[in-house]
Amino acid sequence: MKNFSWKLILVFAVIVAAVVYVLPTFEPGLWPHKQINLGLDLQGGMHLVLEVDTAKAVEGQVERIAQEIRDQLRKERLRKVSLNRIDGNKISATVQDPQILEKFNALLKNDFDFLKRTPRTEGGTSIIILEIPESEAENTKKLAVDQALETIRNRIDQFGVAEPDIRRQGEKRILIQLPGIKDPERAKDLIGRTALLEFKLVDDTLDVNAAVKGNVPAGREVLYRVEEDTDTGKVTKLPFLLKKRTLLTGANLTNARVDFDQFNIPFVSINFDKKGARDFERITGDNVNKRLAIVLDDTVASAPVIQEKIAGGQARITGDFTLDEAKDLAIVLRAGALPAPVNILEERTVGPSLGADSIRKGLISMLIGGILVVLFMIVYYKGAGIIADVALILNIILIAGGLAAAKATLTLPGIAGIILTIGMAVDANVIIFERIREELALGRTARAAVDAGYKRATLTILDANVTTLIAAVVLFQFGTGAVKGFAVTLSLGVIASLFTSLVLSRLIFDYILGGRKVKTLSI
Amino acid sequence: MRFIKPDINIDFVGRKKIAFLLSFACIAISFLSLIIHKGPRLGIDFAGGTLVQIKFTSPVRIDDIKSGLGNIGLGKSSVQQFGQQIDNEFLIRTEASYRGDEGFTTEIKKALQSFTEGEVEIRRVEMVGPQVGEDLRKKALFAMFYALLFITIYISGRFELKWILSGVVAAALIGAVYIFNLFNVSIPFLIGAALIVTLVIFWFLELKYAMGAIVALIHDVIITIGIFSLMDIEFTLPIIAALLTIIGYSLNDTIIVFDRIRENSRRYHKKPLAFIVNRSINETLGRTVLTSLTTLMVVVTLFMLGGGIIHDFAFALIIGVAVGTYSSIYVASPILLAWQNRGKK
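Residue numbers (the working numbering), protein chains in the order written: chain A, 1 to 523; chain B, 1 to 345.
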């Protein structure tokens, strides 16, 4: 009897623990434990996997270095050195004059010694290939992913999503989970856009039409402004011939917000930091009556004529923005540009109505399946069937408690896992009951039959469950998202059913057989 | 109440030839179907592509949807009814993993709105890029491989009660896989090779129970895959989960029968093995049928009421449970016998 009470306490403790964990799900705020997490497939939302194009980040860095070298050359009045970025991440420097070459080499040695130099001559012309070292490139790539993660987190925070989950996945991927998002397209646009803001001068002295035809002069580029007619939906592209040199970027912003002009049309007003304000004042002062293009991700947003020197570090970006577009632009400018473009590798979006449907259908299947099994057990095993049913119901409570305690996520396959467990949980009892029937048929007393039944079936039941558990654990290790939810509920179900069949139902049998002398068993 | 009488005595062993023929035929058909269909039909999880689930408030013809999609350059996408006809739900599938950056679904919605009076609701979008598809394919195969590996180790230890031997099996298996891996072979090949190595090891170490269990397992998985291929159902991540569950679950029945065979071997040690096997199957028949029945009850409920998303998953489980029950009676035990007979000749 001592053994009996010890088990009773264990069972009681387990049940109470499970109930404590489960209750907040049905009665939120009852005590401070969170509800069971629902997966995106049940509550609706968006799952995104992005890849940061880290090679582009390295190219950007190389381009900046080339620009620095050019600036340095200008400062030291070294002409006739042509610098070009080749193969994406190398700089090729071509020098004709040996005297200049000597000075150029000295300059490189002094200020850019970290670059790997590979010189060669080609018919009297010296060509030096400059490369950033591998470790530096790796570092840039790593930083790019970190920074992208941070920027995206900022953007999503400002956009306002309840409980977003943003994390790094592998070397250069970012996993984003946005539960309950209403406008997935807009969110995707907000997350995925590079938002590189650049100020460049428009070159009106040269013919833009010739450049469009492919004859782009050195140091110039053609970018377009895209206009969409809101009535007809017709898209027109207006070309601009720009000086390639970037005068100022969005990195020098301190704030960006939506404002309205006198016609109530939204625009984005930006504030520069100290350096940005100083540069902007100088740029506008030097280029009065020229046009300054505001370029966003290689598209011209607008290109107003500079009327006068602008001090104070404020500017406005106008364009055909809707209010949402202006708001989103302000968010991405505040959060900063991505260090490199990102590509969407995987997207899974579930609308809230489908999620609710899935919950409803999942619960109905669980209920009907459960009732079928419960009825079957009573019809087939009578009294013992009721014991199995009690164990089954407890089993489900234990799974729910386990889900809440482990802070696991319940997904649609997860619900399927619970349903499957309902069928499998009674299996253990079936194995025991059949064995007890066999022992009874051999003429044993009720007590002896139950003892023998449990004793002989225990190992078999353990084995049968271990193999399922192996499969579930492997699945958990390799599975993603929704499938992982299945592995979780299946594992919990297997463990719970071991407990309910081997400990709990045994306890009930012991209780029935314990007090009085029982001759017959309802089985 | 009892379905199976305690004194039941069906001559399972006597019919093993018919069962073998049936199993062989099923496996042959499975392979044939896989060859004709050029491998299993992969869903977007593994092949990459885009899937959009849409719901209309009023009835719509599939041809209208197709022509609507044709207008925005998606004419090649497959469109199929999803769930019940009255739901007006459809699945659109395109091979292109992604088109452009923004407005893809908005575009689809606009294109479909043009020919229906009612509302168009985009309920689900799944896009898997080719890279992720390849990753998931690899992951799924590795999951299958490791599940088989661990279960093999467990069975060889448990059924034979020789854990040291099972350690040897594990080491040999891991060694073999490591060597194969050096040659950079594809994962399906690796799984096949690992299975053959397993069977050879079992053969030489005379682990007859483990052999029977593993053969039954392979049998179940091949036939389930074959039926999916025959019915042209897609392989998705949940289906792989179902296959793994089948691998774990189909062993349950086999374990019950094998445990009884061992128990009976001690009790009737003078009788021939054929008698013992047959008796054991009959004694445990009630259990085998009942456990499968309760599991089938819930999976069939899930199949009928669980909705379109979980439909194929439930179907895989139904087949797996059914085939698994059959194989524990007609495949696993007869292999044990075949082995014994081979020793006598």
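A few of these clues could be false.
For lysine-lysine, the following DSSO-like pairs were computed, each having C-alpha atoms within a straight-line distance of at most 30 Å [what the hints assert, rightly or not]:
| # | chain 1 | residue 1 | chain 2 | residue 2 |
| --- | --- | --- | --- | --- |
| 1 | A | Lys-237 | A | Lys-142 |
| 2 | B | Lys-138 | A | Lys-455 |
| 3 | A | Lys-327 | B | Lys-138 |
| 4 | B | Lys-5 | A | Lys-142 |
| 5 | A | Lys-182 | B | Lys-5 |
| 6 | A | Lys-244 | A | Lys-182 |
| 7 | B | Lys-138 | A | Lys-237 |
| 8 | A | Lys-182 | B | Lys-138 |
| 9 | A | Lys-290 | A | Lys-275 |
Stretches of chain B that chain A covers, calculated by requiring three or more beta carbons in the stretch to come under 8 Å of a beta carbon on chain A [claimed, not checked]:
| # | segment |
| --- | --- |
| 10 | 70–79 |
| 11 | 305–317 |
Treat the hints as calculated values from the structure; they're not laboratory data.
Idealized CB from N, CA, C, for every residue including glycine.
Which numbered hints does this structure break? Going through the list in order, the structure violates hints 1, 2, 3, 4, 5, 6, 7, 8 and 10 and respects the others.
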